[in-house]
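Peer 1: Residue strings, one per chain:
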Amino acid sequence: MTLPLRLRKVLVLSPPLIWVVLFMFVPYTILFVFSFWEQVYPTFAPAFQLGNYQTLISDPQYLRTLLRTIKIAGLVSLFSLLLAYPYAYFLVHKVRHPALRQTLYMAVVAPLWVSYLLRAYTWKTILGTEGILNSFLVSTGILSEPSSIFLYNQTSMIVTLTYVFIPFMVMPIYAALEKIPRNLLEASADLGMGRTATFVKVTLPLSMSGVVAGFTMTFCLAFGDFIAAYLVGGPDGMMISNVIATQFGASLNWPLGSALALVMLLIVLAIISVSDRFERLGKGTFA
Amino acid sequence: MSLAAAPSQVRTAPRARLSKRIRKAADATVWIGIATLILTFLYTPIVVLVAFSFNSSRSLSWPMTGLTLDWYRKLAENDQLITAVQNSVYVAVSATALTLLIGVPAALALDRLDFPGKGVFRKLVLLPIALPGIITGISMLILFRLLGFGLSLETVIIGHATALLAVVVTQVFARLQRLPHSLDEASADLGASGLQTFFLVTLPNIRTAVIGAGILSFTLSFDEIPVTFFLTGRDNTLPMYIWSTMRRGLTPEINAVGALIVAASILLILISVLLQRERTGQGR
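In the order they appear, the protein sequences are chains X and A.
Going by the working numbering, the letters in the first sequence line up with residues 1 to 287, in that order.
Going by the working numbering, the letters in the second sequence line up with residues 288 to 571, in that order.
Don't read these hints as lab results, they were simulated from the structure.
Where hints are given, some of them may not hold.
[Said to hold, decoys possible] Which residues of chain A face chain X? A few of them, derived with a C-beta cut under 7 Å, are:
(1) A322
(2) G545
(3) L555
Built from N, CA and C at the ideal position, the CB exists for glycine as well.
When you get a sec, could you build the whole thing from the sequences and use the hints?
Peer 2: This is the structure:
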C-alpha cells in the first residue's frame with residue numbers, strides 16, 4: 001500500500017507548514033497590522049494611522065534608546081571578536097593535541113548550557129556596591145570604600161553581554177579557521193611570506209565568513225536582549241527591548257510597542273541580509 | 288678566509304637556535320596567556336556562583352564567612368520552587384516533543400521535497416535563530432489575545448516550540464544533507480513504503496542528530512525567558528520564578544539553585560559529548 005507521491009508530500013509537509021503559518025506568519029502579520037492601531041486607554045482600537053511611527057520619530061527618547069542599543073550591541077560584538085578570534089586561532093594553530101583542542105573548545109561552548117539568567121545574575125552579585133568585587137577591593141585595601149561605578153551602567157551591560165554571548169563568536173570563527181587547508185599556509189610560506197603577511201593575506205580573509213557569522217549572531221542576540229538590562233543595566237543601560245516590554249506591560253500601549261518591535265525586526269532582517277551577502281561574497285572569492 | 292669563516296659559523300648556529308627557542312617560548316607564553324585570560328573570564332563567575340551557594344552568611348560579599356548547606360536545605364522546603372521546577376519540566380518536555388514532531392518533517396521537506404514557497408518557508412522557519420525572543424513573544428501574545436485564549440503553561444509550550452523549531456531544523460537538516468539519497472531510492476526499489484523507509488532507513492541514520500537536537504531544545508526551553516515572559520499566566524517556570532525572586536533581593540538561595548543547574552548542565556554536556564563520540568565512531 002504505497003501512497004501516491006503527492007499525498008506523501010502533503011503528509012510530510014502539512015504539519016510544519018500549518019504550524020509555521022499559524023504561529024509565525026500570522027503573528028508577524030498581526031504585529032504589522034497592530035502597529036497602525038491606536039491606543040484608547042486602557043485598551044486599544046483598530047485603526048489605520050501612522051501616529052505610532054510619528055511618536056517614534058518625534059519623541060527623542062526612542063531614537064536615543066535605539067542608538068544606545070546599537071552602540072552596546074556593537075561594542076559587545078567587537079569585544080567578543082577581540083577575545084574570540086585569538087582564542088580560536090590559538091586552538092586551531094597552536095594546540096597540537098586533538099583531545100586537548102577539543103576540550104578547550106568545549107570549555108568555551110559549555111557555559112551556554114548553564115542558565116543564561118544565572119550567568120547574568122552572577123555579574124550582578126560580583127559588580128554590586130555590596131558585591132564581591134567591591135568587598136574584595138576594600139578588604140585588600142585597594143579601595144577605601146565600596147564604589148558604585150561597577151554596576152548599573154553601560155560598562156556593566158557590555159561586560160555581562162560579552163560574557164553571555166562570547167561562545168556564539170568562538171564557534172563560527174573556530175569552524176572557519178579549521179576549514180582553511182593547511183597547504184595554503186605552507187604555500188604562502190614557500191613563496192616567502194612571513195607569518196604576519198600569511199595571516200593578513202591568507203588566514204584572515206579566509207576566516208572572514210566566520211567573523212561575519214559570529215558578529216551577526218552576537219550583535220542580534222545583544223541587540224534583542226532585555227533581561228541583562230533589568231539586572232545590571234540601570235536607567236543608563238536600558239535597551240530598546242526594555243522599552244517594548246514596558247509598552248506591553250506597565251504602559252499598556254500595545255500598538256506603540258508593536259511599531260517599535262517592527263522597527264527592531266526590520267533592523268535585524270537588514271543585518272541578516274547584509275551578512276548573508278558578505279558570506280556569499282567571501283565564498284565567491286575562495287571558490 | 289674560509290678557515291676564518293668556519294669557526295664563526297659554528298659559533299652563530301647555536302646562538303641562532305637559542306634565540307629561536309627563546310622566541311618560541313615567548314610565543315607560547317603569549318598564547319597560553321591569552322587562552323588563560325579568556326577561560327578565567329568565562330569561569331570566574333561560574334565558580335563565584337557555586338562557591339557562594341555554600342556561604343554561611345546571607346550577604347554575597349567577600350570574604351566568605353563559612354561553609355553551610357543551609358541554602359540547599361531551604362530549597363528542598365521551598366514549595367514554590369519545586370512547583371516551578373515541575374512546571375519547567377512539563378513545558379520543556381512538551382515543547383521538545385512538539386518541536387521534534389514538527390521540526391523533523393520540516394527538515395525532511397527542506398532537504399527532499401520541492402514545493403512552491405519553499406524559500407519563504409525556509410526563511411520563516413530559520414528566522415527565530417537570529418530574531419530576538421521578545422518579538423516572538425509579543426507577536427504570539429497579540430495572537431492569543433485576539434483569539435481570546437487565556438495565558439497558561441500551554442501557551443508557553445506553543446511559544447517555545449515555535450522559537451526552538453529553528454534549532455531542531457538546522458541540526459536535523461545538516462545531518463540529512465550528508466545522508467545519500469540513494470538509500471531512499473534503494474529502499475523504495477526494494478518495495479518499502481514511504482513510512483517504512485522513514486522509520487527503517489532515514490530515522491536510524493539521523494537518530495543521534497534528532498536526540499542531540501532534542502537535548503538542546505530541552506535545555507533551551509528549560510532556560511527560556513523572553514518568550515515565557517510574555518506568554519505565561521499565573522504559573523511560573525523555573526527561570527521566571529528565579530527572576531521574580533531576584534527582583535525581591537539577592538540571597539545565596541539563588542546561588543544554590545544556580546549550583547544545581549550547573550551540575551545538571553555538566554551532566555547534559557557529558558551526555559551530548561558521548562553522543563558525539565558515538566557519531567564519530569559510526570564513521571559519519
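Peer 1: Decide, hint by hint, whether the structure agrees.
Peer 2: These are the hints, each one checked on the structure:
no. : hint : verdict
1   : A322 : 5 Å, holds
2   : G545 : 4 Å, holds
3   : L555 : 6 Å, holds
Hint violations for this structure: none, all hints satisfied.
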